[in-house]
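So you can see what is in the structure, the chains are spelled out below.
Number of protein chains: 2
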Amino acid sequence: MKKPFWKREKNGSVTSPRGFVAGGIHAGIKKKKKKYDMSLIFSKIPCVAAGTFTTNRAKAWPVLYSMKVINNARHHAILGTSGNANCLNGAIGKKAVDEITWETAKALEVLPNEVLIAQTGIIGVPFPVTRVKRAIPKLVAKLSDTGGHGAAKGILTTDLSNKEIALSIELGGKKVTIAACAKGAGMVHPNMATMLCFITTDCAITKPMLRRAVRHAADDTFNSMAIDNDMSTNDMVLCLANGLAGNPAIAKVDRDYWMFREALEEVMRYIAYEMVKDGEGVTHVCKLRLSGAKTPTDAERAARQIANSMLFKTMLAGSNPNWGRIAAAVGASGVDFNPNHLSISFGDAEVVHLGKLRVLNIPKARRILQKKEYTIDVKIGKGRGRAEFITSDLTTKYVLINAAYS
Amino acid sequence: MKKPFWKREKNGSVTSPRGFVAGGIHAGIKKKKKKYDMSLIFSKIPCVAAGTFTTNRAKAWPVLYSMKVINNARHHAILGTSGNANCLNGAIGKKAVDEITWETAKALEVLPNEVLIAQTGIIGVPFPVTRVKRAIPKLVAKLSDTGGHGAAKGILTTDLSNKEIALSIELGGKKVTIAACAKGAGMVHPNMATMLCFITTDCAITKPMLRRAVRHAADDTFNSMAIDNDMSTNDMVLCLANGLAGNPAIAKVDRDYWMFREALEEVMRYIAYEMVKDGEGVTHVCKLRLSGAKTPTDAERAARQIANSMLFKTMLAGSNPNWGRIAAAVGASGVDFNPNHLSISFGDAEVVHLGKLRVLNIPKARRILQKKEYTIDVKIGKGRGRAEFITSDLTTKYVLINAAYS
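Protein chains in written order, with my numbering: chain A, 1 to 406; chain B, 1 to 406.
To be clear, the hints were calculated from the coordinates, so they are not data collected in a lab.
Worth double-checking, as some hints may not be accurate.
Same chains, same names: a pair is fine if it fits in one copy or spans any two.
[Stated by the list, open to error] Cross-link-like lysine-lysine pairs, in silico, BS3-like; alpha carbons within 27 Å at most: (1) Lys-397 with Lys-34; (2) Lys-142 with Lys-31; (3) Lys-277 with Lys-7; (4) Lys-7 with Lys-252; (5) Lys-33 with Lys-3; (6) Lys-397 with Lys-277; (7) Lys-30 with Lys-356; (8) Lys-138 with Lys-94; (9) Lys-364 with Lys-207; (10) Lys-32 with Lys-294; (11) Lys-31 with Lys-364; (12) Lys-31 with Lys-356; (13) Lys-382 with Lys-10; (14) Lys-371 with Lys-397; (15) Lys-382 with Lys-94; (16) Lys-3 with Lys-31.
Only chain A is shown next, with the shape it has when bound in the complex (with noise of 0.2 Å):
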C-alpha cells in the first residue's frame, strides 16, 4: 500500500483549519443538566459553502431553511443543536428557525443568511425557542480557537463518544486543512439517515468545485453505510471553505482538486466509519466488499441488500457464518446472480468458493466474525461491478435503545 499524501492532525478538530473559532453549551434542550446542546462554529472571513440533505420528504425546518441559503455566495457560520429535531412541529418550527439563525446572526455581526443550521433530537415536539434564543450570546461568548471539541460535543444524541478528525495536505506548497465533527449513532442508513456532519476547510476553492467534492466524497462514504433501515427528516452534511491556506485556489478538475477530494473523502470515510462503530447497540462493524455484478448500480443493490437485511445484521450479533442469508439477501435484490458463480469470505476465511461450500474453513470463519472489526468480501459473478458498505450487527441494546426512545 503506498503511503498516504494526507496526515492527520494530533487532537484535531473543527477550528483545526486556520480561521476558524467554534464552542458549544447546555441550552436547556436536553434535560440533563450540563450535556451540550448547542454548537457554533465560526469564520470572520466568509466562506463558500456546500452541502448534501436527506432526501426524505418530510424534511425538518432547519433542512429546509438550509437547503434554501446554501445556494447564497458567502457564508458565516453553522449552528447546530440537538434534543429536538424541530420537524413535523407545525409553522412555529419555521418560525423557530428564522427567530435562533437571525438571533445567532445578530450577535456575530453578520447577515442572518450566512449562518446556516442543523438540527437533530426527537420529531414532532415543539421547539423551546425562548430558551435557545436566551442561550445564543453564552454560545457567541464560548467561541475560542480550542473550541471543537466543545461544538462537537453540542450536536451528539445517543453518540457515546466525540466523532472528530483533521486532516492537512499539502497544496501549492500551502498546508491545506480539513477537519470535520459529526454526530451518527442510530438510524444511520444509506441516503444519509439521521446524521449531521459538520466540515471546516482553510482551503482555496470556488464553491462549484466545492460542492462537487461534498457531494462526490458523500456518495462513496456516508450513502453507503447501514445501521438500520431508516432515513432520517434532518440528516445534513455542511462544509465551509475560508480560502486562508493561501494556496491557488481551486477552480476546475486538476491535480490539486483530486488531492482535495481524496483528502475529503477520507475525513468523511474516517467519520462514516466512527458513526457505524458508534451505532446504537452495536458490537460488530463490518466492511462489506461486494464485487462481480454485472454493473456498479447492480452491485450498490446488493450490497445494500445484504447491509439492512436483518436476518444478516442478526447473524453478526451472533458471530454466525450462516452464508445462506448472504445468499438469499443478494437473491432478493433482483440483480443477476449465478449462484455457481458465489465465492463468500469472512476475513480471508473463504467459506464459499464458486458456489461450493469449504466446510473446513466454517470454524476460521466463526473466529473471525467474533471479532470487533472485519471485512466480508461476496463475489456474485464474473462481471467488473463493485461496491462497499460499512454496516453493523443488530443486537438486542439496539432494540432496547429504540423501544425506550422518546
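Go by the hints and put chain B onto chain A.
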C-alpha cells in the same frame, strides 16, 4: 358489519375438504427426535393446482421443481419437508428433489410430475436424501383423513403453533370446503418471504380460474405482511382443488367465483395474521391502515416503508406512540405527502390530526400500544389510495433467536 357467508369448520385441517388424506412424520432431517419434519397431502381424485412462488433470484431446488411441474394439467399430492431448505447446496440438491418426488409418486402410484414439493429450513447445507427416501413408505402409510394436523406439523420450523383453518361456503346448493396449513415465523415479509402455505379444496373449478383466485388473494394477504425485511429462497403457496364438492364448476368470473375468491382470501388472511402473530419474538401485532395517498401504489409503498421500519417496529416493542417515526417513514418512502394533512390514530386515540399534535390523547395511545393486537391508522393526504399491512414489533427475542439459528 354484515354476517360472513362462510362458516368456519371446527378443528379444521387440510383433510376437511372431501377426498383429501394427509399425514406427517419424523424422518430425521431435524435432529430432535419425534419432531415432525415431513408432510404429505394426497387426493386420489386428480386435482387442478395453482401456486405462487418466491421472487428471490436464488430459488431453492423445490421452488424450481414445483414452478415447472405446476403447469401440468393434473396433480395428486403436495410433499413438504422442514429442517433443510435444500437451497444453494449444489447440483446434489436438484437430484434430491428428483429422487424424493419420484419415490413419493411411486409409493402413491401416480406420476412424478403430479407431486408438488416445498421445503424449508437452513440454507446451503447438503440435503439428507437417503434418510428422507427411506422414510417415504412410512409417510405414505401415515396418510389418513384425520391426518391434516400431522401434515401441518411436519412443515414447521421455529413456529410456536400449528397454523390451520378450514372454511365452508355453499355454491349451487353444494357445500364447498377450503382449508389450509402453513409455516411462517420469522423472515415473513412482503413477496411471501419464508412461508409455506398448502391449501386444499373440494371446489370444482378450472385451472385458469383457480390460478387467478390464488394469485389475487395472495397479493392482498401474504404479500402485505412484514416481520423482517428479507425475502426467502423457498416461499411457496400451493393449492389443490379436486372438485369432489360437486358444485357447478367455476369456469369464469361470476358470482360463484367471487364467493370462492372471497373465502379463499379469508383463509389466507387468517393464516397471514397467525404467521405475523407467531413471528419470531413477536409480542405485538399491528394492523396498519394507510389512506389518503394519491394512488394505491403510493399507499402500498408508504405502508410498506412504515411496516418494515426498524424504528417503527422497536417503537411497537416499547408501546411508545412516537408518531414522528411514522411520519419519517412516510417521508422516506418518497411518496407525495403533505405533513399538514397527516393524521395518525393508535386504535381510536388520534394523536395527530391534520398535522397537529393532540397531546392529551398520548396516554390513551400508550395504553392501546400495550395491548397484544391493535390497529394504527395513518392518513397522509386527500387522495383515495389505500393499503393495509399486517406487521409486528421487533423485540430483543427476535435478535436472540436469529443470532443463534444455524
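So, going through the hints one by one against the coordinates:
no.: 1; hint: Lys-397 with Lys-34; in the structure: within (26 Å within a copy, 36 Å between copies)
no.: 2; hint: Lys-142 with Lys-31; in the structure: within (21 Å within a copy, 66 Å between copies)
no.: 3; hint: Lys-277 with Lys-7; in the structure: within (23 Å within a copy, 55 Å between copies)
no.: 4; hint: Lys-7 with Lys-252; in the structure: within (24 Å within a copy, 75 Å between copies)
no.: 5; hint: Lys-33 with Lys-3; in the structure: neither (45 Å within a copy, 60 Å between copies)
no.: 6; hint: Lys-397 with Lys-277; in the structure: both (14 Å within a copy, 23 Å between copies)
no.: 7; hint: Lys-30 with Lys-356; in the structure: between (54 Å within a copy, 23 Å between copies)
no.: 8; hint: Lys-138 with Lys-94; in the structure: within (23 Å within a copy, 72 Å between copies)
no.: 9; hint: Lys-364 with Lys-207; in the structure: neither (50 Å within a copy, 52 Å between copies)
no.: 10; hint: Lys-32 with Lys-294; in the structure: neither (52 Å within a copy, 43 Å between copies)
no.: 11; hint: Lys-31 with Lys-364; in the structure: between (47 Å within a copy, 25 Å between copies)
no.: 12; hint: Lys-31 with Lys-356; in the structure: between (56 Å within a copy, 24 Å between copies)
no.: 13; hint: Lys-382 with Lys-10; in the structure: neither (43 Å within a copy, 56 Å between copies)
no.: 14; hint: Lys-371 with Lys-397; in the structure: both (18 Å within a copy, 23 Å between copies)
no.: 15; hint: Lys-382 with Lys-94; in the structure: between (52 Å within a copy, 24 Å between copies)
no.: 16; hint: Lys-3 with Lys-31; in the structure: neither (47 Å within a copy, 54 Å between copies)
Figure legend: structure checked against the earlier numbered hints; hints not met, in rising order: 5, 9, 10, 13 and 16.
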